[in-house]
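Trainee: Each chain, written out:
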Amino acid sequence: MTDSQAIAIDGAAQRRAGVLVMLTCLVILLVLVSLGTGPVWLSPVEIAKALLGAGTDVQQVIVWEIRLPRTILGLAIGGILGLSGAALQGLLRNPLASPSLFGAPQSAAFGAVLVIALGLADVRSYALPVAAIAAAFASVFVLLAVAGRNAGLLVLILSGLAISSLAGAATALVMNLSSNPFVVLEIAFWLLGSLEDRSFRHVMLALPFIAAGALVLWRQRDAFRALSLGEEAARSLGVDVGRLRLFIIIGVALGVGGGVAVSGSIGFIGLVAPHLVRPLVGYDPARLLAPSALAGAALLLAADIAVRVIPSTSDIKVGVLTSIIGVPFFLYLIVRERRSLGGGVL
Amino acid sequence: MIAPLLTATGVRVRLGGREVLRDISLSLAPGQLVALVGPNGTGKTTLFRALAGLLPSQGNIDVGGQPLASLSLAQRARRFAYLPQGHVVHWPLPVQDIVALGRYPHGATDPSRLAAADAEAVRRAMQLADVADLARRPVTELSGGERSRVALARVLAVQAPVILADEPTASLDPRHQIDVMQTLRAASRNNVLVIVVTHDLGLAARFADTVLVMSDGRLVSQGKPDQALSEQVIAEVFRISAYRAEYRDEAVIVPWDGP
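One line per chain: the protein sequences are Z and D, in this order.
First residue of the first sequence? That's 1 in the numbering used here, and the numbers climb one at a time after it.
First residue of the second sequence? That's 347 in the numbering used here, and the numbers climb one at a time after it.
Calculated directly from the structure, the hints in this document are not laboratory data.
Treat the numbers as computed from the prediction; the structure is a model and nothing was measured.
By construction, the Cβ of each residue, glycine as well, lies at the ideal position given by its N, Cα and C atoms.
Mixed in with the good hints, there may be bad ones.
To be verified - Which stretches of chain D does chain Z cover? Using the computed rule of at least three CB atoms under 8 Å from a CB of chain Z, they are:
1. 421-428
2. 433-439
3. 450-464
Next up, chain D with everything else stripped away, as it sits in the complex:
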């Protein structure tokens, strides 16, 4: 049994008087891709923010054996690489400068003066996310698919032990969805804990080592994809039925109809 990298015990978050997270406990080992699924508004993004220490929460969160509360903002930034939804970039900066922001937590705040190690991390991340050819293009001129790959490269460049990716495959065509999930899975194989929020149960079932199912601010099911996403869970949480099969040794779940 590998020691867990990220543990949460009794995590609660209240936002605007409403309890968004209720008593979340989890313990996740490095070297795996975890999919976090659940209907809209169940608190998946809030859980990400709480785990990364971006919003205050009750309960205990430990990362690498250290309590999150004892870590400074900069220390948290080196442990969690966070990819928010939407891939917003407000200025038309060149792709390589965006990716280089992944080195910001390591003190490399000026992309035109990167130390050799930082430049190498940026180069590798751009290669892994397949954006090396776009290095000098202004990010605002790119297509949605290209932008999301740039955002992914920025997150990979942090070289953090935990990657939190919030809907990294949203609005991507099937080819790019698979590319992104494969890149994230490959990253997890380097002893990184990758957690991905997705609404695509098919992608979750196929690529994840572990699936976490959230419903109404609670973690209601977790485990290997076919167990965590059992017929009963899918019916209760998502109120749908699903076609279930196995193809080339990986689970296939296709959402279908009312329960």
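Just chain Z, same shape as in the assembly:
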């Protein structure tokens, strides 16, 4: 390798490192804004004081009890959604893969709704995330089983549509059969997806699963690069593709299920985040994971700040906002991928 090539490689690595630093700074900034934004505005100094146990009692309560859990959840759930999207896109070598298009959050929501409707959520708190994770696992597993090994875009998206419709119908059935109207209303609002009024109890409920899911996904990263050559070539390089597939399903289910259990369904972050960072860090699916997680965290934090700032008569739920932004983006991606969608992918 000549010197100029070696320098060029370093240049690309430097740019990636620069992007990571930039995204980290952006996330920190958004964390501060998230802690400061609400009916009572707090400056970064006031936030720091409150976090350290100084400042007024009111400020401490606002930061510690109200805004910190919400911010931590936004950070963690946004991050795991971005990471899950990047991991699924790496596994399936497909830029349109994402948890929400595959029905994972919808299925997790069904699992959670079932537990809420049966009244189990109050008795045993971990029933909620466990049910959500189990349902998310089942949905991703069924999707990959239906779509098969070398599924094209069309098969994946149609299967995802079918699974999310089924999850939606099952959720509707639970609400339909539920005799208590207050429970139905609670479920309906919960389904919209929100980080509002979450406490540290919610954080403790979701965070272990999200962290475990993130760890599982992160450890598979190098295999994604080998998988760029197709499953057979990856196997010949020593990648156990079947095991990798299982680990991705487990990681996505743990992360998305754990997140959905406390936030309700928040869509499209997993689809959008990898696309936003690809122009900055390149297409290498292994190098996409960390920036996608940061971008996902930034997106959800920003959306959650936006719902607090946008003036409206009643609260806008953050899940509604991410879908309203995400679906047009999805349409744009379909237009961009139109050729491969039309080109005999069945």
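Keeping the supplied structure of chain Z fixed, place chain D upon it in accordance with the hints.
Mentor: Same frame as chain Z, but now just chain D:
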């Protein structure tokens, strides 16, 4: 007589209830280029997959004196460098990262942090396959010929004792076909066993030290090119006749007409 590097005894493979490989036995020494020929659908690719341990088979396969079944996926990956058909790459990765994947079986999973030995193997492979100038180009922007050379470089970078190349010359112009075969033959001279699937009997006759002829899941003929591809074999297996000659001490076989 050199000890064989790769032996197979009574290898059978069933796929979807159909017997694709029936009782294949072979014994191949290192340091030679072997051409595997046969009509479409006779099981050449399946034999490659079975030999590399990528699909389950009955019978015994030994590589370097060790039974394939006793080797882990990673150990197999270091013994067989496998070049599948088509040279698919799903993301626009730079050429050097693709070639560096050849070091994946050796534990070098991150192309931006290669140890000196791995970087040297990548550099040599890119040179041998003549893709050093393309190192930073996204592989998806390359022509078919360039892509197949990149795929070849990736396989050479493994530095495995056995190279299995499935139609490495397909869809290449004559110049590149000859380049690829010459590169593979040069690789075999470093005590490597190179097996190439090809439909080009001319290339097989000219470049191979040994030709294996498959028909309907069986190995029906093997030996030096002019013996293995005798008039009778060509007529029975391919149902064609061929013009046969010798040019500069190498066999020339040009498929011609019905038998």
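Trainee: Can you name, in rising order, the numbers of the hints this structure does not satisfy?
Mentor: none
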